[in-house]
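A.B. asks: Residue numbers (the working numbering), protein chains in the order written: chain A, 1 to 480; chain B, 1 to 182; chain C, 1 to 1023.
It is worth saying that the hints were derived from the structure and are not from the lab.
Don't take each hint at face value.
As the list claims (entries may be wrong) - Across the chosen pairs, the derived CB separations fall in these ranges:
id	chain 1	residue 1	chain 2	residue 2	range
1	A	Pro149	C	Arg949	40 to 48 Å
2	A	Ile65	C	Lys149	52 to 60 Å
3	A	Ile50	C	Thr573	54 to 62 Å
Beta carbons: idealized from backbone N, C-alpha and C, even for Gly.
Okay, here's what each chain looks like letter by letter:
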Amino acid sequence: MQEAIKARAIQEPPLFEREQTYERITAQIGDIPFDRHPTAWTITFGLGFIGTTLLIFALVWLVLIGTGIWGINQPVAWGFAIINFVWWIGIGHAGTLISAILLLMRQAWRMSINRFAEAMTIFAVMCAGLFPLFHTGRPWAAYWLFPLPNWLALWPQFRSPLEWDVFAVSTYFTVSVLFWYMGLIPDLAAVRDRAKSQLAKVISGILSWGWRNSAIHWMRFDSAYLLLAGLSTPLVLSVHSVVSLDFAISIVPGWHVTLFPPYFVAGAIYSGFAMVLTLVIPFRIFYPKLREYITMHHIDMMAKVMLATGLIVFYGYMMEAFFGFYSANLFEKGMITNRMFGPYWHVYWALIFCNGLVPQSLWFPKVRHNLFWVFIISLIVNTGMWLERFVIVVTSMHRDFTPSAWGMYGPTFWDWATYIGTLGFFTMMMFLFARFVPMLAMAELKDLWYRLYGHRGGHDGHAPAGEPVHTPTPTSGGGA
Amino acid sequence: MAHVATAPRIYGIMAEFDSPEALMEAARRTRLEGYRRFDCYTPFPIHGLTDAMSIREAKVPWTVFICGLIGALFGFGLQAYTSAVDYPLNVGGRDLISWPYFIPITFECMVLFAAFGAFIGMLAYNGLPAPYHPVFNVPQFARASVDRFFLCIEARDPKFDPQRTRAFLQSLNPISISEVEE
Amino acid sequence: MEAKRNEDRLWRSWNEWVDTPELKAQTQREFAPEAAPHSDFVSRRQFLKLMGASLAMAGLSACGYKPQGPIIARAKIPEEALPGESLYYATAVTLSGYAKGVLARVYEGRPIKLEGNELHPASLGATDAITQAEILNLYDPDRSQSLLKFGQIQPWQVFTSELTQQLALQQAKQGAGIHLLTGVITSPSLAAQIQAFLKAYPKAKWYQWEAVNNDNLYAGTRLAFGEFLNPIYRLRQAKVILALDSDFLYMGPAAVRYAREFADGRRVRENQREMNRLYVAEPMPTVTGFTADHRLPIHSSRIGLLAAAIARAINAPIQINATGQLTPDEQKWAEVVARDLMAHRGESVVIVGEAQPPEVHAIAFAINAALGNLGKTIVFTAPPEAKPTLCTEDIRTLAKEMEAGQVEVLIMLGTNPAYDAPADLNFAELIPKVPFSVHLSRYTDETSALCVWHIPESHPFETWGDARAFDGTVTIQQPLIFPLYPNTRSALELMATLNGQGGKQPFELVQSHWKSAKIVPDAQFDAFWRKSVHDGVMARTALPVKTVALRTNLSVNLPTWTAEAQLPQPTPTSLELRFAPDPTMYDGRYANNTWLQELPKPVSRICWDNLAFMSLKTARELGVVGNEKVAFVHDSAPLIQIRVNGRTLIAAAYPIPGHVDNAITLHLGYGRTRAGSSGSGTGFNAYTLRTSDAMWFTSGAEATTTGQRYPVARTEEHHLIEHEQLDSLHHRPIMLIGTLKEFNDDPHLTKKRHGESGELPSMYRGYKYDRYKNPNNYRYAWAMVIDPTVCTGCSACVTACQAENNIPVVGKTEVIRQREMFWLRIDRYFKGSPDNPRTYQLPVPCMQCENAPCELVCPVAATVHSEEGLNQMVYNRCVGTRYCSNNCPYKVRRFNYYRYTYYRQPVLHLLQNPDVTVRGRGVMEKCTYCVQRINRARIQAKKENRRIRDGEIVPACQQACPTGAITFGDINDPDSTVSRLRREPHLFTMLEELNTRPRTTYLAKIENPNPELNMEAHDAGSH
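Isolated chain A (complex conformation) (with noise of 0.2 Å):
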């Protein structure tokens, strides 16, 4: 196994971008929450300050006045609440994706972004989540979505996938951040055994839980860590199957779709990954000590993965659209021919192009390998990916089987409002995690690097304690 990551790993252009040591590991990542902080992050941070207040002021005034300040409608009566829900989810699911499957897939470059992606994760479901409890016509009453025993008897209906959805993405949740902060407790033991200031080692000390590297304990950890990372690779895969049965289960021309659970999770992936660039990207500009541990080798995986499962989603609409008009079915075929020239023409044509043709210059190495254009390309996905999700929503539900009651869709400001609010809170989360938590699995690199480079590993240990080595290897793949 090993021989086999070495063999792939020599080959390949590198992971690490110079030479490490155990030490430097350590040291350029354990320190990024002590360093000073770039004005780029007091700025970004501040823009998501403003978004979270202003998500605030939204949901307090939807919460006061009622879900008719925003554009919903008869027949319309899900609109950007469900769309958001459905794109903040799928964001997820990369971050899942990276720190599960590709670990099970024992894909040696998934060691730098798991954590960041998976705090990533975190982050999302946290946004996801908001909607399906604020678009509800009376959030107050929304716990009786949870089976509580109470004094009326009743129980939720176990046959709705809405309630299928409060379990699945609670689990997610509760799963993500099991896995997140596990793979943390090492590396936060890292930093309270660094820490200089008491308050730093009180803290990390206590979140550490008194980690103190034993052997037999790893041995548990690992068989642990491996374990949820079989159960999240499959509940990944669940939670956003259930998300596309809230539509699927429907008779909706359009929702009413067997395709959907695996085009559904592409999808997921391919935003989840898109997101994970448009992070990576700036944070790789705002901490260059990141670089020598996210190269351009795996902006250069990660743009292939989006590439393959846009594949996918594409896949996706052109069968969407074969069945609607080879089904023979009155419905499906008004939905897709609605689809495409009814009222909403160019957000679905918006959408072939930001998901169907914009990613196919990602064949190209030159535009792999150019951070610019990855970075523009991975924002046009997550445009299309939204795009997408209002095509599902309102096109299939404006006008389905009665024509009498057929209708329109458009947001309102608190549309928006609550959309940008999102945005804004999610930028904030991360800019926070950035700041006060080791932004990439420690252990897990050095583990990384013992393995490719163990014999180097082993002699620079010689070398007198902390001072790090300064030979830079010639970097392959294009540097930033």
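Given chain A, work out where chains B and C should sit, using these hints.
C.D. replies: Using the frame of chain A, we list chains B and C on its own:
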């Protein structure tokens, strides 16, 4: 016994190494020497180390499995009981126990319980949280989370003898040897 | 005595109310003529709040309701109402004088719902939308409550003293200066009072004015028979009906009855395979036109020619000198219709609308005479009015006299001439010229604002009165509630005051009149009175049928008003302008009734507005719409400026399928300035273009676009140009349509079109709704069958549902955002070309699916199924995820996006039906099959230890339906009406392939087209 009380009690003797290989070798030798109660400390999990220490256990996997099982049963039980026994309702003309609809929640509950099993199990078996542990009394042990590899033979070990154990560890040519105070 | 004390208490609180200075200030601002209803919202709000205080007391007094004089409840326990039990009182709702009999449901002293009175000739147990909404007028918070002199609140004493002075002055000259202006009056007791007054002041004059009147009809009868006559149609006997510019199924005092009789001749069943045939020629589509088997769009000005052509074809005994001729198509149409009429001598009828000139009426009578219909399908009586007259003449003379300053005392009862009098009379400028003008009305409306005195009028439900129906039958109106406001008076009371009988209770006035009428000997009078009041109809008061003969060598000129020139064939540059009463506002009197404002107009599906309707072709020529494929997905219409002989009006233009080209139709009744907080400022005032020489239509109008747009609220997405929408029936199995011929060839239309309908496979056993839960426990299974063949789309059911189920009104902006709350909607589908499409109406309540998709997706079990098959909505469990609505293929669920049911004005709380939960914000709601009525019947049946009888439960929609298109009942009882209907071969299920197994099913829409006329429209539907 008063004078004994004054002398600091010893938790064990700890040797410091600078590479995984050295530690691995040391662990194997210690085991051969007949020591049972000893432990290694490494900044990252080193595969094969526990084999070298010839420690085998599968507590965590079992815990996870059991928890998962309980979770699944709970999930399905909850749905079946509430919608068929406790408060049966005619919902869209579907059967009271329309099991296909119950699968997703059953699954989620399984995952949730299992995940908690893994996390809490790991901590519990590791005896964490541990607010205090003697090994931290060794100053250079701080590097156990950075780039040093330690092996500590504990005083509880029947074969433990301060002089002989120290001599034995010397023979593994570590960077340093230190007594771990209780 | 009790009543007295109530009045005192209220009166005192009233005084306290006026005395506080800041309130005085507010009231003055409120009633100042320049105050626009919406301008001072805050002060208005406080004002209403304070008004609320006194209203709450009115409510209290209403609860301890003691009738003035012995009224008779239409229930077993007459006098004392049981708490929780409703009493039904027979009374009448009048519209321009004519009575429609109703039973008012009075719950603990407050009337909350009106139902038809099956004993009443104009109701036959049903009502129309306007009648249903009358109850809201009673509780309208904007009702006037106090006497005003120049906008200042005054006590009664001041008015009476001033009045007596004025009368004293007039006494000298025998009342030469006194002029009475009333609406059309059929009330015998009121008429008697007026006559008495006129006797006391011989030179005083009495005029009547209705903006929507019978002038043309009466002039027509005078032309044809030499006297004013009142035609009554017997449509049950009519096999072929020709309506010329007449909306007889919807408009007019007998519309409800006519609709029922018409429908009875149309119910096609497996064992009843005959149906009548309806031809309609009209410019603007009406309910009648959309119901017709053949509809010909034609200008009002050329209907006469059509009538003439038919008259010639069946050589009716009338000499017609006509200029201008018909197009070949119209000519053919006329001939075919004539042939059909001749084939049904004595069992056909020609009906002409109020808009057509007397000549056309005369021609129609001649045709009917020639066909031998007189005395069979059409009979004549004397007019039921107390004083039949030509309103336009009246108002014109009055205006002249006011101009000349001969009018010193002007007393107006109820009418609103300042708003609806012909524009050329400038009535509004004339009123201030009158030294002493008194206006009695329920609102301080446009006329009140100009008068010296405004007297608040009481609602008919608050006092005693009487009125005649279209056939003369008298109904005694009983008070249903203690007057909400102490100062209001009825016209009868005011006239009594004028006659010096101010002290008399209205009850005495009415009863004494009928005692003196000597219908029965005095000995039997009490019994007779009790019965009349109880039944809501007075025996032996229907007017006797007259035998009439056409005048010999009758001759008319057509069209009289264009005798000077060749008939002006309307062109894009010289349009025909047609005025019509608004389907819900009528002549504008209901402007402040929010139910009627929000009710989608039966034909156009527009709410809260009247628009300038025109054909698509004309709209394009005027540049109102482009040639885009999908028109009007947006919610606004362009404003155009209409100019006709010197007068102009800006109105929003709106193309409507089936409208005749080169013509514009404007509905009366909008653009009011002082209708009340809800009605003012809606729509466009068509009266500004309506002159006394062209009351109904005129030619030579021009229209140009202004470039601005106007928001339009409608309840159906209106892209009529999109082919898919026009032919949506063609593609979608939503409605099943067939012709009588097809039905007679093989009645199993459903099988033929939708294929064999069997059990669709399911992986679940499904829920069984067996007759017996256990041997001695019968189980009902409720279901509804709707027959679109007889549905005219009149929307009475929609308003009835709204009244019964406390359905809130959401307002224009919310309707624009597609959030209207109607539980029952009427779908309208077009087929064929927009020039003259076939139109189909389909009432859509909740389908109560057995496999309800909505229930499945509710996460909190807020909507579940009852064992009797009802799809129940549990409001207080709903958290408002709205998934149920998304998953409802029929889209019948409605959501409270805001807190719609929130009335600041306590008086509106009196309106609520206590049997139906008032829904809060954030919950879903929908049709329940009127479950409260089901349970009421269930309780009754339990008490009497029996099963619920078939037909015992009547949902509000079925109850109101004039044509009996809706049937409700128990399908576990094989003999119930609904079970029998469900066995009909042409029964179909909407969207059956979804296997939702609805309990609401439909019969196929059967048409009876004449094979001689072009048929492609029909062929389109048939496969």
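A.B. asks: Evaluate each hint against the coordinates.
C.D. replies: Taking the hints in turn, this is what the structure says about them:
1. For the pair A/Pro149 and C/Arg949, the supplied restraint of 40 to 48 Å holds, since their beta-carbon distance comes to about 43 Å.
2. Separation of A/Ile65 from C/Lys149 is about 43 Å and departs from the stated range, judged on CB atoms against 52 to 60 Å.
3. Our hint of 54 to 62 Å for A/Ile50 and C/Thr573 holds, since their Cβ atoms are close to 60 Å apart.
Hint 2 from the list above is the single one not met by this structure.
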